[in-house]
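Enquirer: Here are the chains, one letter per residue:
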Amino acid sequence: MSKKNWPLWEVFIRSKNGLSHKHVGSLHAADEEMAVENARDVYCRRSEGVSIWVVKSADIFASDPSKSEELFETAKNKIYRHPTFYDIPKEIGHM
Amino acid sequence: MNTEQLEKEFQARIDAEEKIEPKDWMPDAYRKTLIRQISQHAHSEIVGMLPEGNWITRAPSLRSKVILLAKVQDEAGHGLYLYSAAETLGIDREQLLHDLHIGKAKYSSIFNYPTLTWADIGAVGWLVDGAAIANQVMLCRTSYGPYARAMVKICKEESFHQRQGYEIMMHMARGTEAQKRMAQDALNRWWWPSLMMFGPPDKESTNTEQSVKWRIKRQTNDELRQEFVDKTLPQAEYLGLKIPDKDLKWNEEKKGYDFGTPDWEEFYNVIKGNGPCNKQRLDARVKADKEGEWVREASMAYYEKKSAKKKVA
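Taken in order, these protein sequences are the chains called A and B. Going left to right, the first sequence walks through residues 8 to 102 as our numbering numbers them. Going left to right, the second sequence walks through residues 307 to 619 as our numbering numbers them.
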């Protein structure tokens, strides 16, 4: 095995202007420029993108799924944040 | 929570068709099974470039050459999506490649057969990719999120592969007598190994039951094999070629074809390393890895030097 491995990069692609970048996978590359070039070859062989972001995987900090319950709990009991919480008379129509 | 409870909850999530994502709790055996299966799948894509790459320099026209190049490049891409999915399970790519190179990790035994004529490129696309698609369509709904997502992308691309293979078979089967013979010969040689791609019969498959329970797989080897035979037979008839199986006949009761038994002894023998090209395939991978080592090191050194300069500035 070689001593120095290329780091892992997460790849995000904007499929067309007007849409956000979306995570598509990862790849190994020595630096960010090579990561973008490799991402073009690995993830965009059929015009899947107009823009590429790469981020070192090690730099991503993610929430802990075992704590999802408490993290997202606060939103659950605030049903009044949804439009369906309110009864609007039929006569009013669409609101 | 103890392991038993965690496992119960895990199975409940699977049964509710929830996808499992990388940082979720999962049983060790689930993780291990996935690492084995995804890496085997990735290695198959990468090793699969070799029998096809064999014909790039000898493709009969510029059109067929650029198509074959694109297909082989896709196989590389598929291998990379899959390595990327495997790495989300906490194993490094270096380790995966190392296991392949020392012969510890397997790849699909079909790639240990040689591509002797141009018709083989047709047969590989039509049959080998066809068999792979049957398996991969099922895997688009596998329970592990990153694996399922990689499969969706692969399936979209794979259908071009099968169609280009079938197009080659059509040209050959409608060509001269000699071309037709080549097409039939390629079908004769690739048919049985293609059926073996689905793995051993259900009654002998040690991994199937647990994999189905975890919804890593959703159909058994025999079910997928049956599906493939039923789909492929009319395609062979259209070409005017004969599938080399004397036991092949329509079974009205099961609304499918009965077919003969592949030579499982040959299958196990090829897996053990005694196929016609095992050594050649592995040697090619090891050579590519070795010869690329200085490139990987030099580019890392360049990157480090560049970042050091940036820091000073």
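FYI, nobody ran anything at the bench for these hints, they're computed from the structure. For each residue, glycine too, the CB sits at the ideal point set by N, CA and C. Don't take each hint at face value.
As the list claims (entries may be wrong) - Covered stretches of chain A, as calculated for chain B (at least 3 residues, CB under 8 Å):
hint, region
1, 11 to 24
2, 33 to 45
3, 69 to 76
Unchecked claim - Here are the simulated DSS-like pairs of lysine-lysine, each with C-alpha atoms no more than 25 Å apart in a straight line:
hint, chain 1, residue 1, chain 2, residue 2
4, A, LYS63, B, LYS612
5, B, LYS612, B, LYS338
6, B, LYS615, A, LYS63
Stated by the list, open to error - Anything over 12 Å on all C-beta distances counts as not near chain A; from chain B, calculated:
hint, residue
7, LEU368
8, ARG447
9, GLY566
Enquirer: Hints first: check each against the structure and report whether it holds.
Expert: Verification of the supplied hints:
| no. | hint | verdict |
| --- | --- | --- |
| 1 | 11 to 24 | holds (count 4) |
| 2 | 33 to 45 | holds (count 6) |
| 3 | 69 to 76 | holds (count 4) |
| 4 | A:LYS63 to B:LYS612 | holds, 17 Å |
| 5 | B:LYS612 to B:LYS338 | violated, 39 Å |
| 6 | B:LYS615 to A:LYS63 | holds, 20 Å |
| 7 | LEU368 | holds, 20 Å |
| 8 | ARG447 | holds, 19 Å |
| 9 | GLY566 | holds, 39 Å |
The structure fails to meet hint 5 from the earlier list, while all remaining hints are met.
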